[in-house]
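Peer 1: Residue strings, one per chain:
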Amino acid sequence: MAQKKFVVGCFDDEKVLFPAVKQVRTAGYKIQDVYTPFPVHGLDHALGMRETSLHTAGFIYGITGTTTAISCISWIFTKDWPLNIGGKPHFALPAWIPIIFELTVLFAAVGMVMTFLWLCQMAPGVKKHHFHKRATNDLFVMVIECTEKTNAEDLKALLAANGAVETDIQVAEDGWWFGTYDNDNEVLYKQVAH
Amino acid sequence: MHLKYESQLREPLVYGNKTYAQVTEDIVRPIEAKPSRLWYIGFFIAVTLLMFGAYSVYREVTYGIGEWNLNKTIGWGWDITNFVWWVGIGHAGTLISAVLLLFRQGWRTGVNRAAEAMTIFAVMCAGQFPIFHMGRVWMAFFVMPYPNSRGPLWVNFNSPLLWDVFAISTYFTVSLLFWYSGLLPDFATVRDRAFTKLRKKLYGIAAFGWTGSTKHWQRHESLSLVLAGLSTPLVLSVHTIVSFDFATSVIPGWHTTIFPPYFVAGAIFSGFAMVQTLLLIVRKVFGLTDYITIGHIDLMNKVIVLTGSIVGIAYLTELFMGWYSQNKYEGYTFWYSRAYLFSPYGWSYWGMMACNVLSPQIFWSKKMRRNVFVTFFMSIIVNIGMWFERFVIIVTSLYRDYLPSSWSVYYSPSIWEIGFYAGTFGLFFTCFFLFAKYFPVIAIAEIKYVLKRSGESYKPEFDAIETQPLDKFVHDHGHAH
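Protein sequences, first through last, are from chains A and B. Mapped onto my numbering, the consecutive letters of the first sequence carry residue numbers 1 to 194. Mapped onto my numbering, the consecutive letters of the second sequence carry residue numbers 1 to 481.
Just chain A, same shape as in the assembly (with noise of 0.2 angstroms):
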């Protein structure tokens, strides 16, 4: 994964921080992400994300779970071994309906955790870098990617200038990589020389 250099500015007010990042992508940055410690309603829209799918994967993982488990019992009670329960219909359709719900929700619960997690690249043990620390903490953290024509300092005064109580510059590893955080201190917080 590539090192990348990012201005970082800290907030402490969420009503600070939306006009912040409305002045931010006015002046034409590109906000690579907002840590918040809690979900700040609106704030996706605001840095232009679209709507996640999530849901729209679950209801497939539920579909699944449903034709998996009234394919496998009526595969089983009618055709591999046809059991015959007090003279009942071998196709008890109403007697399966507990199972085939509970493996739909099973299903989609499931399906979705994982996707959830593929889709955030977490596992256990999976170390990303922090670009503050009290970003789970009190702080919204807005991170910008540098690109050759940034120029840090003057992003780093138009964050101030919008309310920003911190900013930085930091070189930081984009992606995830496996690692414990006892030696946050050296890994993490390179300060580039100014």
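Just to be clear, a hint being listed does not mean it is correct.
[What the hints assert, rightly or not] In silico DSS-like links for lysine-lysine, alpha-carbon gap of 30 angstroms or less:
{"no.": "1", "chain 1": "B", "residue 1": "K284", "chain 2": "B", "residue 2": "K472"}
{"no.": "2", "chain 1": "B", "residue 1": "K367", "chain 2": "A", "residue 2": "K15"}
{"no.": "3", "chain 1": "B", "residue 1": "K34", "chain 2": "B", "residue 2": "K200"}
{"no.": "4", "chain 1": "A", "residue 1": "K4", "chain 2": "B", "residue 2": "K72"}
{"no.": "5", "chain 1": "A", "residue 1": "K30", "chain 2": "B", "residue 2": "K215"}
{"no.": "6", "chain 1": "A", "residue 1": "K88", "chain 2": "B", "residue 2": "K328"}
{"no.": "7", "chain 1": "A", "residue 1": "K22", "chain 2": "A", "residue 2": "K156"}
{"no.": "8", "chain 1": "A", "residue 1": "K88", "chain 2": "B", "residue 2": "K452"}
{"no.": "9", "chain 1": "B", "residue 1": "K459", "chain 2": "A", "residue 2": "K22"}
{"no.": "10", "chain 1": "A", "residue 1": "K133", "chain 2": "B", "residue 2": "K328"}
{"no.": "11", "chain 1": "B", "residue 1": "K284", "chain 2": "A", "residue 2": "K149"}
{"no.": "12", "chain 1": "A", "residue 1": "K22", "chain 2": "B", "residue 2": "K472"}
{"no.": "13", "chain 1": "B", "residue 1": "K452", "chain 2": "A", "residue 2": "K22"}
{"no.": "14", "chain 1": "A", "residue 1": "K5", "chain 2": "B", "residue 2": "K201"}
{"no.": "15", "chain 1": "A", "residue 1": "K15", "chain 2": "B", "residue 2": "K437"}
{"no.": "16", "chain 1": "A", "residue 1": "K30", "chain 2": "B", "residue 2": "K452"}
{"no.": "17", "chain 1": "A", "residue 1": "K15", "chain 2": "A", "residue 2": "K5"}
{"no.": "18", "chain 1": "B", "residue 1": "K452", "chain 2": "A", "residue 2": "K156"}
{"no.": "19", "chain 1": "A", "residue 1": "K149", "chain 2": "B", "residue 2": "K215"}
{"no.": "20", "chain 1": "B", "residue 1": "K197", "chain 2": "A", "residue 2": "K5"}
{"no.": "21", "chain 1": "A", "residue 1": "K133", "chain 2": "B", "residue 2": "K72"}
{"no.": "22", "chain 1": "A", "residue 1": "K133", "chain 2": "B", "residue 2": "K472"}
{"no.": "23", "chain 1": "B", "residue 1": "K197", "chain 2": "A", "residue 2": "K4"}
{"no.": "24", "chain 1": "A", "residue 1": "K133", "chain 2": "B", "residue 2": "K200"}
{"no.": "25", "chain 1": "B", "residue 1": "K34", "chain 2": "A", "residue 2": "K5"}
{"no.": "26", "chain 1": "A", "residue 1": "K156", "chain 2": "B", "residue 2": "K72"}
{"no.": "27", "chain 1": "A", "residue 1": "K22", "chain 2": "B", "residue 2": "K215"}
{"no.": "28", "chain 1": "B", "residue 1": "K215", "chain 2": "A", "residue 2": "K5"}
{"no.": "29", "chain 1": "A", "residue 1": "K4", "chain 2": "B", "residue 2": "K201"}
{"no.": "30", "chain 1": "A", "residue 1": "K15", "chain 2": "B", "residue 2": "K459"}
[Claimed, not checked] Just the calculated beta-carbon pair ranges, DEER-fashion:
{"no.": "31", "chain 1": "B", "residue 1": "F195", "chain 2": "A", "residue 2": "A2", "range": "28 to 34 angstroms"}
{"no.": "32", "chain 1": "A", "residue 1": "D154", "chain 2": "B", "residue 2": "P460", "range": "48 to 54 angstroms"}
{"no.": "33", "chain 1": "B", "residue 1": "V374", "chain 2": "A", "residue 2": "A160", "range": "54 to 60 angstroms"}
{"no.": "34", "chain 1": "B", "residue 1": "Y438", "chain 2": "A", "residue 2": "N151", "range": "42 to 48 angstroms"}
{"no.": "35", "chain 1": "A", "residue 1": "D80", "chain 2": "B", "residue 2": "L403", "range": "35 to 41 angstroms"}
{"no.": "36", "chain 1": "A", "residue 1": "H41", "chain 2": "B", "residue 2": "Y180", "range": "22 to 28 angstroms"}
{"no.": "37", "chain 1": "B", "residue 1": "S359", "chain 2": "A", "residue 2": "G163", "range": "27 to 33 angstroms"}
{"no.": "38", "chain 1": "B", "residue 1": "K34", "chain 2": "A", "residue 2": "I97", "range": "30 to 36 angstroms"}
{"no.": "39", "chain 1": "A", "residue 1": "W81", "chain 2": "B", "residue 2": "F376", "range": "25 to 31 angstroms"}
{"no.": "40", "chain 1": "A", "residue 1": "H41", "chain 2": "B", "residue 2": "F195", "range": "51 to 57 angstroms"}
The set of hints was computed from the structure by calculation and includes no laboratory data. Values in this document were obtained by computation on a predicted structure and should not be read as measured data. For every residue, glycine included, the Cβ atom is placed at its ideal position computed from N, Cα and C.
Knowing the structure of chain A, use the given hints to seat chain B on it.
Peer 2: This is chain B only, laid out in the frame that chain A set:
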């Protein structure tokens, strides 16, 4: 969801003058501090009970079901009573986390994490009973449908007992996923402020590399909402299916169509009582009274009085049907075996009536709903009552069957039967003590999300808003999109 305004009339969900950092501090502090002496004592008692339970189970596995005092007439006794009791308790957690999320009840944020943990531990306890009731527990995997070497001879998909296998295992899995996905951001919070190497490492692994990215939050929200949508019918289905274990049989007293809604209401009733028991202790021991407020307790007591009354109506309906059906056996079960105080098990029926139907009516009074001691006492009473309910259903329907020669009125549990039940308490509280010590017992991110709308110190800002003209109010604070 997009309403940024909340009326002054609503009670704050978070008391005190809190900032985001203060919320983190308050909730994570118990994790970082050394546990109190009280915690050690409680944990020790729980582990002791667990050990006793393990020994009781060892006896049962080694010498067989005969270690229990079940007999040919009463084939289901304490074990299935306990199974249904524990499953029922679990239901409140899902109700709080899923149903209240769909109903946009902001107050769930203070209590959902602990309630979901309770669900998971309760379902773990519940699962032990049917598994060990099988007798030859090493063959428990026979309940799984797989192409086995016996034909393959498949399991009976038309049997409510198999539906139970699917329902309980699905319920456990989905609850666990829902709970853990909610925990990810909070584990990251603990990780990022950890000052010991080990803690940083362990919470780092547990947090799966969560960063708080906006895109991840967006997906997380979508995931939570759909999981809530799935869990809501799931939780109803689980206790419905548990009630089918009885209702699809032809035993008088079990063969009734009222069972599914009646069981679900009872489950929520007992579950909320257990949530009260646990949270009243947690909020005091960990100093979280600002987050789990009297308002929360009040609201949960409202649910208790509602569901308790639904259960009461169900009992009366059953009695009425016992007479109205003019079926001799139904009439005998309901009016003699249960409702007649001086029948062999009449005391258990009236114990149930007193605990479940009469005593919760005290919560019509606001003063009582907001009294911690009354609530704590009542939460215990309700769970005793709900245990009796299952005991009544199972034992009073079985002990006098169609053949008087096999009547049995002398069922009382053996010490190993009691030990098994005590052991599940041990399991439950061992898990709960560990949870309370090592996990954020309140959903930190969710509290922060409601803080500026429902926090006590932020509410006065809404004063100005309340005097705005309607057009401006709708423009500023209506739905954003």
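Peer 1: Taking the hints in turn, state whether each one holds.
Peer 2: Verification of the hints:
| no. | hint | verdict |
| --- | --- | --- |
| 1 | B:K284 with B:K472 | 43 angstroms, violated |
| 2 | B:K367 with A:K15 | 39 angstroms, violated |
| 3 | B:K34 with B:K200 | 16 angstroms, holds |
| 4 | A:K4 with B:K72 | 74 angstroms, violated |
| 5 | A:K30 with B:K215 | 15 angstroms, holds |
| 6 | A:K88 with B:K328 | 28 angstroms, holds |
| 7 | A:K22 with A:K156 | 15 angstroms, holds |
| 8 | A:K88 with B:K452 | 60 angstroms, violated |
| 9 | B:K459 with A:K22 | 27 angstroms, holds |
| 10 | A:K133 with B:K328 | 72 angstroms, violated |
| 11 | B:K284 with A:K149 | 57 angstroms, violated |
| 12 | A:K22 with B:K472 | 23 angstroms, holds |
| 13 | B:K452 with A:K22 | 22 angstroms, holds |
| 14 | A:K5 with B:K201 | 27 angstroms, holds |
| 15 | A:K15 with B:K437 | 35 angstroms, violated |
| 16 | A:K30 with B:K452 | 29 angstroms, holds |
| 17 | A:K15 with A:K5 | 27 angstroms, holds |
| 18 | B:K452 with A:K156 | 28 angstroms, holds |
| 19 | A:K149 with B:K215 | 26 angstroms, holds |
| 20 | B:K197 with A:K5 | 28 angstroms, holds |
| 21 | A:K133 with B:K72 | 64 angstroms, violated |
| 22 | A:K133 with B:K472 | 39 angstroms, violated |
| 23 | B:K197 with A:K4 | 28 angstroms, holds |
| 24 | A:K133 with B:K200 | 12 angstroms, holds |
| 25 | B:K34 with A:K5 | 41 angstroms, violated |
| 26 | A:K156 with B:K72 | 81 angstroms, violated |
| 27 | A:K22 with B:K215 | 17 angstroms, holds |
| 28 | B:K215 with A:K5 | 20 angstroms, holds |
| 29 | A:K4 with B:K201 | 26 angstroms, holds |
| 30 | A:K15 with B:K459 | 16 angstroms, holds |
| 31 | B:F195 with A:A2: 28 to 34 angstroms | 31 angstroms, holds |
| 32 | A:D154 with B:P460: 48 to 54 angstroms | 40 angstroms, violated |
| 33 | B:V374 with A:A160: 54 to 60 angstroms | 55 angstroms, holds |
| 34 | B:Y438 with A:N151: 42 to 48 angstroms | 47 angstroms, holds |
| 35 | A:D80 with B:L403: 35 to 41 angstroms | 38 angstroms, holds |
| 36 | A:H41 with B:Y180: 22 to 28 angstroms | 23 angstroms, holds |
| 37 | B:S359 with A:G163: 27 to 33 angstroms | 56 angstroms, violated |
| 38 | B:K34 with A:I97: 30 to 36 angstroms | 52 angstroms, violated |
| 39 | A:W81 with B:F376: 25 to 31 angstroms | 54 angstroms, violated |
| 40 | A:H41 with B:F195: 51 to 57 angstroms | 32 angstroms, violated |
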